[in-house]
Amino acid sequence: GAVVSQHPSWVICKSGTSVKIECRSLDFQATTMFWYRQFPKQSLMLMATSNEGSKATYEQGVEKDKFLINHASLTLSTLTVTSAHPEDSSFYICSAAPPGRETQYFGPGTRLLVL
Amino acid sequence: GESVGLHLPTLSVQEGDNSIINCAYSNSASDYFIWYKQESGKGPQFIIDIRSNMDKRQGQRVTVLLNKTVKHLSLQIAATQPGDSAVYFCAENWGQGAQKLVFGQGTRLTINP
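Just so you know, the protein sequences line up as chains A and B, in that order.
If you count the first sequence from 1, position 12 lands on 12 in the working numbering, and the numbers rise without skipping.
If you count the second sequence from 1, position 8 lands on 8 in the working numbering, and the numbers rise without skipping.
Derived by calculation from the structure, the hints in this document are not laboratory data.
For clarity, every value in this text was computed on a predicted model and none was experimentally measured.
By construction, the Cβ of each residue, glycine as well, lies at the ideal position given by its N, Cα and C atoms.
A few of these clues could be false.
[To be verified] Here are some chain B residues pointing at chain A (derived, C-beta under 8 Å):
| hint | residue |
| --- | --- |
| 1 | 32 |
| 2 | 42 |
| 3 | 44 |
| 4 | 46 |
| 5 | 89 |
| 6 | 93 |
| 7 | 94 |
| 8 | 101 |
| 9 | 105 |
| 10 | 106 |
[Said to hold, decoys possible] Below, simulated BS3-like cross-link-like pairs (lysine-lysine); rule was C-alpha separation at most 25 Å, straight line:
| hint | chain 1 | residue 1 | chain 2 | residue 2 |
| --- | --- | --- | --- | --- |
| 11 | A | 55 | A | 66 |
| 12 | B | 71 | B | 100 |
| 13 | A | 20 | B | 42 |
| 14 | B | 42 | A | 14 |
| 15 | B | 100 | B | 68 |
| 16 | A | 20 | B | 100 |
| 17 | A | 14 | A | 66 |
| 18 | A | 55 | A | 20 |
| 19 | A | 41 | B | 100 |
| 20 | B | 42 | B | 100 |
| 21 | B | 42 | B | 71 |
| 22 | A | 20 | A | 64 |
| 23 | A | 55 | A | 14 |
| 24 | B | 100 | A | 64 |
| 25 | A | 66 | B | 100 |
| 26 | B | 100 | A | 55 |
| 27 | A | 14 | A | 64 |
| 28 | B | 56 | B | 68 |
| 29 | A | 41 | B | 42 |
| 30 | B | 42 | B | 56 |
Isolated chain B (complex conformation) (with noise of 0.2 Å):
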């Protein structure tokens, strides 16, 4: 079936640096999608959210970027901090409202001090 998956599994990156999580995508129908953050132990924390009508959104310390021609999605964390060590996934919602979420495989960050 069709999903949602990241190209790296692990990413490192020294402390004040700027990181960048992929996610590629299959559902060309998706109109939305999410990243979440999940530390250990806990439940996903919601990121930043983009819609399919637009190619950036900015938040704070976080942008994502969205390609349609190519299906992928891209968070940027800016000036990494030793809280921002988790694991990040990537969601697509594959329908108008509150609907089925398909997540990525997810990537763990880990920030070297």
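Isolated chain A (complex conformation) (with noise of 0.2 Å):
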């Protein structure tokens, strides 16, 4: 149980086009889930808390209008790099719990390669 996954796992684009990455929980409902950026060699950072049905939670330095979330359903979260640039390419993982609990399980993650 507590199956999370991405899609895609990879992706390359051109700077300036806008990417879509969902995050799905397959067999638990989640009203929270979270997405990271990870770059190379690095540790994962917390770049938002998406919410169902409301607005997400954004940390500190991360621009909600460039990374968009939108968590419309109990098991789907989508982030969107709006108008990508070299400098946005990572791995991007999101994250979910299951009701009631404090573990959170993660997604496979999305390479991203802006070119």
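Put the complex together from the two separate chains, hints included.
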């Protein structure tokens, strides 16, 4: 149990385009999901908390207009990187915790390369 | 700001030996701690967790120790196997419920045959 998936697993795009990444909880409902970013050989940094039916909560320094988050259902959150630039190239990972539990389970990640 | 840190960025052990990965945390209010394993190109995988009202918890070949006095967390892996090679992160939960997780810098564990 507690399986989280992401799609796509990797994406290459041109600078200036937008990219959407999906995060799904497969066997549980999640009112809250989390989006992290990880640069090579670095730790995970929380970008934002995605709340079903309400606005996401962004961490300090994360541009909400650049990283659009939509949590339209209890099993799906999407992260859209708008007007992507090479510096946005990174490994994006989502997580979610089953109801009543604190443990966050992570998706397999999405590798984004902006050319 | 407060953060979770690790003493050693890399660790190499012989296959079959035991390994210990350490982590220091600074937020005395943290009440829940998790160890994750991350293989190259993959998302973190849950290994074991511990609450602040405990000082030891055991799983299959893994043990987590928590010393709240010195704000120290460790992960012990017994009889290491090649598949244990990965980066290990400790993370602390700053509040009740699935709220903000703060990750340590990570330790790369290499198991030598």
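Quick check on the hint: residue 44 (chain B) CB to chain A CB, less than 8 Å? holds (5 Å)
Sort out whether residue 100 (chain B) lies within 25 Å of residue 42 (chain B), counting only the CA atoms. holds (21 Å)
Between residue 42 (chain B) and residue 14 (chain A), is the straight-line Cα distance small enough, at 25 Å or below? Answer holds: residue 42 (chain B) to residue 14 (chain A) is near 24 Å, not above 25 Å.
Take a quick look at whether residue 41 (chain A) and residue 100 (chain B) sit within 25 Å of each other, Cα to Cα. holds (22 Å)
Is the hint on residue 42 (chain B) kept, meaning its closest Cβ partner in chain A is under 8 Å away? At about 6 Å, which falls below the 8 Å cut-off, the nearest Cβ of chain A leaves the hint on residue 42 (chain B) intact, so it holds.
Holds or violated: are the alpha carbons of residue 42 (chain B) and residue 56 (chain B) at most 25 Å from each other? Given pair residue 42 (chain B), residue 56 (chain B) is violated - Cα atoms ~28 Å apart, limit 25 Å.
Satisfaction of the residue 89 (chain B) interface hint, Cβ to chain A closer than 8 Å: At about 6 Å, which falls below the 8 Å cut-off, the nearest Cβ of chain A leaves the hint on residue 89 (chain B) intact, so it holds.
With the threshold set at 25 Å, check whether the alpha-carbon distance from residue 71 (chain B) to residue 100 (chain B) stays at or below it. Within the cut-off at roughly 18 Å; holds.
Mind checking the CB of residue 32 (chain B) against every CB in chain A and telling me if the closest is under 8 Å? holds (5 Å)
Residue 41 (chain A) and residue 42 (chain B) were given as a pair; does the straight-line alpha-carbon distance stay at or below 25 Å? holds (13 Å)
When you check the alpha-carbon spacing of residue 100 (chain B) and residue 64 (chain A), does it fall within 25 Å? Judged against 25 Å, a Cα distance of about 18 Å means the pair holds.
Against the 25 Å threshold, does the CA-CA distance of residue 66 (chain A) and residue 100 (chain B) hold or violate the hint? Holds, at roughly 21 Å.
Hint violations for this structure: numbers 7, 21, 23, 30, all remaining hints satisfied.
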